[in-house]
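Given the coordinates of chain U, work out where chains B, H and R should sit on it, guided by the hints.
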Amino acid sequence: MLRERYINILILAGLVLIPAYAYFAEEPFTITLATRAVIFALAGVGLNLALGQGGLVSFGHAAYFGMGGYAMGILASHAQNYEPIMEVPFLIEGTNSMPVIWLVAIVMSALLALVIGALSLRTSGVYFIMVTLAFGQMFYYFTISWPAYGGEDGLSIYVRNQFPGLNTLDPIQFFGICFVILLAVLFLVDRINKSPFGLALNGAHQQEERALTVGINVYRVRLVAFVISGAITGLAGALFADLNRFVSPTMFSWQISGEIMIFIILGGVARLFGPVAGAALYIVLEHFLGGLSEYWFIYLGAILLFVVLFAKGGIIGGLSKKETGRAG
Amino acid sequence: MPDSILKVSNIEKSFGALKASDGISLDLVPGEIHALIGPNGAGKSTLIKQIAGGLKPDAGSVQFLGHEITGMSTAQRARLGLGRTFQISALAMGFTVLENAVLGAVGQSGSVFRFFKPAMKDAALLARARSALDRVNLRDYENVVTSELSHGQRRQLEVAVALTLAPKAFLMDEPMAGMGGEGSKTLTNFLQELKHEAPILLVEHDMDAVFACADRISVLVYGKIIATGSVEEIRAHPEVRVAYLGEEDAA
Amino acid sequence: MISTKAMQTLRMLGAASAVALAMASGAVADGHGGKVKIGLITTLTGGGAALGVDIRDGFLLGIKQAGNEGIEVVVEDDQRKPDIAVQLADKMIQSEKVDIMTGIVWSNLALAVAPAATAQGKFYISPNAGPAQLAGKGCHENYFNVAWQNDGPHEAAGAHAKELGFKNPFILAPNYPAGKDALTGFKRTYAGDLAGELYTKLGQTDYAAEIAQIRASDADGIFFFLPGGMGISFLKQYADSGIDLPVVGPAFSFDQTILGAVGEAALGIHNTAQWSPDLDNAASKAFVESFKAEYGRIPSIYAQQAFDTANLIVSAAAKADVKDTDAFREALRAADFVSTRGDFKFGSNQHPIQDFYVREVIKDGDVFTNKIIGVALEDRQDVYAAECKL
Amino acid sequence: MTTLLLIEQILNGLQFGVMLFLMAAGLTLIFGVMGLINLAHGSLYMVGAFAAAAMAAWTGNFFLALVASLVAAAIVGALIELTVIRRLYERDHLDQVLATFALILIFSEATRWIFGSFPLFLNIPDVLKGTVTLPGGIEYSVYRLTIIVIGLAVAVGLFLLISKTRVGMRIRAGENDREMIAALGVDISVLYTMVFALGAALAGLSGALVGAIQSVEVGMGEPVLILAFVVIVIGGIGSIKGALAGAILVGLTDTLGRTLLPVVFGAFMDPSSATTVGSALASMLIYILMAGVLLFKPTGLFGSA
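Protein chains in written order, with the numbering used here: chain U, 1 to 328; chain B, 329 to 579; chain H, 580 to 969; chain R, 970 to 1274.
Honestly, the hints are just simulated from the structure, not real lab data. Don't be surprised by glycine CBs; every beta carbon is placed ideally from N, CA and C. Some hints here could point you the wrong way.
Said to hold, decoys possible - Pulled a few chain R residues facing chain H out of the computed Cβ check, cut under 7 Å:
(1) 1095
(2) 1112
(3) 1115
(4) 1184
(5) 1222
(6) 1224
(7) 1228
(8) 1232
Extracted from the complex, chain U is given alone in its bound form (with noise of 0.2 Å):
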């Protein structure tokens, strides 16, 4: 256990360390893909929450990732054209400030994680899996075909929203922003693992049976953990569109399902710091295999494929020499 705490610090202190390199080195890209990492491994410990630590494998979590990205850019495009969002019954407006879309971010996934999860939570293992890929998918060719906000073409933001103080579009600034909100969830999540909540959620992804007999609603436990996942991807899914400065309904494809379960895979499933390591890996490889080949992809899949049969507890697990990633 003291290991992988030295794992995570040393994991941390490169995500700071790179880009501070990298801003004094003059290189703003290696910022943004630090921040893309950054993003990445939120929307990861979002997921995780559910799937590590509750054993909920959720193949649609691009339905909250494109929510968050989605509320976003709808909020940010009304107050780019000042036209308000509805006026009856009551005015909404548009707005650029992030503290607010983060809000509406975050209750929105974590509306659309509620009606989901209370939906697929009727069901297990395959048919769980199966059931979130298919509201994932539901949402995709619903945005694609949905015209007011651009359908498949997205939407463009010109200009990165506004955080009181700070100037967004400074990569240094915006990564710095992105950074304190992992290590905020971080905190948050770590505090929620070692509570009672968290303790049931692991204890009924363990052994359902006790759970419940020591009196403990698992399916409204689960529910509870399913929403704040989403919720937490979907903040992701809000800084990723500011990062980008664009949403589309890519971002609610399987492919992101898949992506961010990759992510705490290659780190290490059920650990706070799995899906750190996890998409900050994606993004080197990304980074370097893609530019050795055309088709890195089967270098991807190929390492994918080797974590998952030989190397069980992904990076972390690997380098503490810990197998099961029960954060306790």
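Same frame as chain U, but now just chains B, H and R:
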């Protein structure tokens, strides 16, 4: 006879053509160990599920402490005070012994939806968990990961987790299974003590253990209770001898 | 100079003897001396990679033939994902410090990248996608389109349908923005009655239900816009349906990248484009020959558009230093290069004003290709130019 | 809409359903017997289509191409079973999803590497071209009728295989009790390889059959894969009967939905927005259907708990 804690009345449950529970009635009174025996396929596990939750009878009712619990979920029954142990240890194997016990305490305290205070630093939860571990002599093992416990120790932990609920009645499914003679004896003594706290409905295969500790015995055959009575009565009961003990002897 | 990655590509493709072409623009680095760095982002993996590969190959061929040592090209793959495209654009602008960006195949990706590039003071020169937003209100002085505004080929098809005497055609397209633009474009020039109008699911592969509806209607012709695999599926299934109505469509489903997969089912169909491999002018013929020699296949319109894009940039680089944005922009606007499609000039919104041809799918030996049979629209300018405030 | 057109659309829905069944049957069989969720099933569909296209290009014979699709997919299936899949039987579903997701990445790019980025050509054989007139005057594609017949034949074949033959008995036993069958002296790993190859061959066959009227290109398998998942979730995972019922239900819902919904909305909207809204809803319809089924039967129509 004192009022019964648990009362099963005329339960019926069919799976297609098979009648797994055919008008079963039985009760559990304070201070007793009531053993339920029966050959394989007699419908024991079906009956347990209908008492503990997870399976709804087609007809009949289950009452616990005067509450009608027939339609309740497993978790609701547990919160009313029905403690349960499983035939095959149902423990979170990745948890430590203490974590498993704390999980029980969390369920008991109804503090599931608390998100910030670490469970393993909560004095009330820890006290409840440790006192349960004390009672089954597992206190020294509290930091051991459950998957590393011996079989007998896991059975003890099962009981401890049930104890954290401070149950009003126990439902124990073959607690002696797979335990050596010595362990079995220790557990029997422990149950003799425990029954004064809360009566025990004991489903058990081990005949010697049943005859050694049960106050009353019910015999289930083909979904029907063919006899209920004291150890002596059951030993002497002709139908039981034919239906059950005869088979046992032959085997 | 071409960057190492692009160099590898060229070498990979066996570029031993480059066919030297006398480009009228004489695009050799002259007195201006300034280096030009071009970022080409296109789709090289996954579905639709065929289009990106043709754009890359056509573009690199153009640059190579120009022989301009001062032009460097960086090629990246967007995987057809908008977020990857945006990220690569950031990379090219922030790290590679490119002056010009180009290459994007898809409108939705272009809508993500082009505004980001122009907002950061770079040129974006589109070799393919021409969404209405960027031609009208959202036009930008640093955004040029060398291909067409998206409606163009559809308007041409509409005009041709009218000329063929369609009285009651059935029209269909996928349910996404480009699909809606397609039907709108067709209706703009056709302007008659319709037997039916259908939006299909994006990525749909089975068209039995739509074909049944066409059969049941009293349509006298069909117009469809179904790019990529969707078009292949539709054409095969339509050919097998026994319905024998004349079909017109934009070139996207009858292009060189696709014809091989459609085969006989496409024979004889009229389609509209700004170019065809048999177009009768010296630059086009030379281009087709050199492309065939270099890559061993007939170039598609995508390759042709990219080739023209490369030559436009080369011509501008010969006149002005790219660092002098205003001068370079003027040089681009002049479009002083010999286009493979003959005359070429930009409209006020920096989209081409050009002819659209009607082509017919033919079999030449054992290769399916297109042959020009007429002109659908002459000197067509897109309708959005009026909304552009340039 | 006329009755005749409605009947034709129902036929189209049926044919679409049968096509989905070929894909779903292998998926559900593999899940039923080995408890494995295989995302790479779409890749096997693609392998079948590409093998058929390559064989057709070489020999010009469609039936040889079908054989090639079966053989190639079965061989590739057996190979991945031996190297990768069998390490996954004892793993949880998460590992299975990720490992087979990795296989998709590898297969897609490897296929593109071998065959290039351009779609391949595969056409209907001359004997099956054109249409026949069915009773009632419906003109229907011979090839589509052939697909319906092949699909139903495969369904019957699978039922017989599983209920009547020795191999089928082993499959059923394997489904219920791995240890028992091992004790009976049946080499379970050979059985599993066979079942996986069978499922793969079915996917390959459907890829080739469908490839003749659709586009043979990289990535063609994934959309079908997701539809096949919806099918087996609706039908109940592991049940061949459920796969058939689910496939036909999905086929009919999708086909009728996309033709009828715009008409329905047209009753109270202007035609253009009716088409837009109708098509948007139609594209979501099967997922709504799935959610509806699971609301009432969380393990699908024919699934066991």
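Hint check:
The beta carbon of residue 1095(R) comes no nearer than 11 Å to any beta carbon in chain H, farther than 7 Å, and the hint placing it at the interface is violated. Of the supplied interface hints, the one on residue 1112(R) holds, with its beta-carbon coming within about 6 Å of a beta-carbon of chain H, less than 7 Å. Given hint, residue 1115(R) at the interface with chain H, is violated; its Cβ is 11 Å from that chain's nearest Cβ, farther than 7 Å. With a least beta-carbon distance of about 3 Å to chain H, the hint placing residue 1184(R) at the interface is held under the 7 Å criterion.
Because the smallest distance between the Cβ of residue 1222(R) and any Cβ of chain H comes to about 12 Å, over 7 Å, the interface hint for this residue is violated. At its closest, the beta carbon of residue 1224(R) sits 5 Å from a beta carbon of chain H; the interface hint therefore holds under the 7 Å criterion. Checking residue 1228(R) against chain H by beta carbon gives a least distance of about 5 Å; that is within 7 Å, so the hint holds. Interface restraint check for residue 1232(R): the shortest CB-CB distance to chain H comes to about 10 Å, outside 7 Å, so the restraint is violated.
Of the numbered hints given earlier, the model fails hints 1, 3, 5, 8; all others are met.
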